[in-house]
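S.K.: Chains A and B are the protein sequences, given in the same order. In this text, residue positions in the first sequence follow my numbering: the first is -8, and each later residue adds one. In this text, residue positions in the second sequence follow my numbering: the first is -17, and each later residue adds one.
Please keep in mind that the hints were generated in silico from the structure rather than gathered at the bench. Among the hints, a few may not be true.
What the hints assert, rightly or not - From chain A, some residues computed to sit far from chain B (all C-beta separations above 10 Å):
#  : residue
1  : V3
2  : H5
3  : E6
4  : S42
5  : G44
6  : E46
7  : L52
8  : K58
9  : G73
10 : D74
11 : A93
12 : G94
What the hints assert, rightly or not - Just a few of them, taken from the derived set where beta-carbon distance is under 8 Å, the chain B residues facing chain A:
#  : residue
13 : L25
14 : Y30
15 : G33
To be verified - Label pairs and their in silico Cβ distance ranges:
#  : chain 1 : residue 1 : chain 2 : residue 2 : range
16 : B       : K(-4)     : A       : K59       : 48 to 54 Å
17 : B       : M1        : A       : N20       : 34 to 40 Å
18 : B       : L61       : A       : G7        : 50 to 56 Å
19 : A       : E60       : B       : N10       : 37 to 43 Å
Just so you know, even glycine gets a beta-carbon here, dropped at the ideal spot from N, CA and C.
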Amino acid sequence: EDKVVQSPLSLVVHEGDTVTLNCSYEVTNFRSLLWYKQEKKAPTFLFMLTSSGIEKKSGRLSSILDKKELFSILNITATQTGDSAIYLCAVAYNNNDMRFGAGTRLTVKP
Amino acid sequence: NAGVTQTPKFQVLKTGQSMTLQCAQDMNHEYMSWYRQDPGMGLRLIHYSVGAGITDQGEVPNGYNVSRSTTEDFPLRLLSAAPSQTSVYFCASRRGGQETQYFGPGTRLLVL
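So that you can see chain A by itself, here it is in the shape it has in the complex (with noise of 0.2 Å):
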């Protein structure tokens, strides 16, 4: 069956804290994972990762796959209060497939 599957589900840190939330996955004819971030309403993009080994990176925002082993990872460092949101990790698959893990909730606190 397919599925993705995101650590830790929910994550408390202190501001200038570095954390690293993973994904990993099991799909049929891969084709990218995406990650996004999910304040209080719509989720919005973050990155979208194909190739494995690539750093894909925006200010303190980091990511990277790992297609051998079927995983990705967030980095966040020096977090801030404004980080804190649910991040999702979503892998499209097939021709139009699309599946989401059920989330990190980040909560920062000052």
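With chain A fixed as given, assemble chain B onto it according to the hints.
M.R.: Relative to chain A, chain B alone:
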């Protein structure tokens, strides 16, 4: 550009009632999708469309119908609402050949 819009924002239904959740996008995207989000379960794909006149089932299609008569609109119909359909519903669109989806603000549905 308004992006992806959804109406209503919130709806309460009684068991057995029917309703239509509206979704529209003004980006001329070929692909449109409907997801439901439940606590602890992420987003699950209900139905999707790859273009006007073409729809297909996702992971959890039972109890829902869709149609795509125009590129812009992709309504989701609940035929006979059940409490298990209480959820937050998101519509999303993307351009053909691209994976990045743009999400609407969501519709919160409560079925009593």
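S.K.: Confirm or reject each hint.
M.R.: These are the hints, each one checked on the structure:
1. With a closest Cβ-Cβ approach of about 17 Å to chain B, A/V3 is found to remain outside the 10 Å limit, as its non-interface label requires.
2. Taking the minimum C-beta to C-beta distance to chain B, about 25 Å, the non-interface status of A/H5 holds against the 10 Å cut.
3. Non-interface call for A/E6 relative to chain B: holds, since the shortest CB-CB distance, roughly 27 Å, exceeds 10 Å.
4. Under the 10 Å C-beta cut-off, the non-interface status given to A/S42 relative to chain B holds; the minimum distance is some 13 Å.
5. The claim that A/G44 is not at the interface with chain B holds, since no C-beta of that chain comes within 10 Å of its own (minimum 19 Å).
6. Against chain B, the non-interface label of A/E46 holds: every CB pair exceeds 10 Å, the least being about 18 Å.
7. The beta carbon of A/L52 is kept farther than 10 Å from every beta carbon of chain B, the shortest such distance being approximately 16 Å.
8. Under the 10 Å C-beta cut-off, the non-interface status given to A/K58 relative to chain B holds; the minimum distance is some 15 Å.
9. Listed as outside the interface, A/G73 is consistent with that label: its C-beta sits roughly 19 Å from the nearest C-beta of chain B, beyond the 10 Å cut-off.
10. The beta carbon of A/D74 sits about 19 Å from the closest Cβ of chain B, which is more than 10 Å, so the claim that it is off the interface holds.
11. With 10 Å as the threshold on Cβ separation, the claim that A/A93 sits away from chain B is violated: the shortest Cβ distance comes to roughly 4 Å.
12. Annotated as non-interface, A/G94 brings its C-beta within 10 Å of a C-beta of chain B; the closest such distance is 5 Å.
13. Interface hint status for B/L25: upheld, as the beta-carbon distance to the closest one in chain A is roughly 4 Å, under 8 Å.
14. Taking 8 Å as the C-beta cut-off, the interface hint given for B/Y30 holds, the closest approach to chain A being about 6 Å.
15. Hint status for B/G33 relative to chain A: violated, with the closest Cβ pair at about 11 Å, above 8 Å.
16. A C-beta distance of roughly 52 Å is found between B/K(-4) and A/K59, which places it inside the suggested range of 48 to 54 Å.
17. In this structure the supplied range 34 to 40 Å holds for B/M1 paired with A/N20, their Cβ-Cβ distance being about 35 Å.
18. B/L61 and A/G7 have their C-beta atoms about 51 Å apart, which keeps the hinted 50 to 56 Å range intact.
19. Taking the beta carbon of each, A/E60 and B/N10 are about 38 Å apart, inside 37 to 43 Å as hinted.
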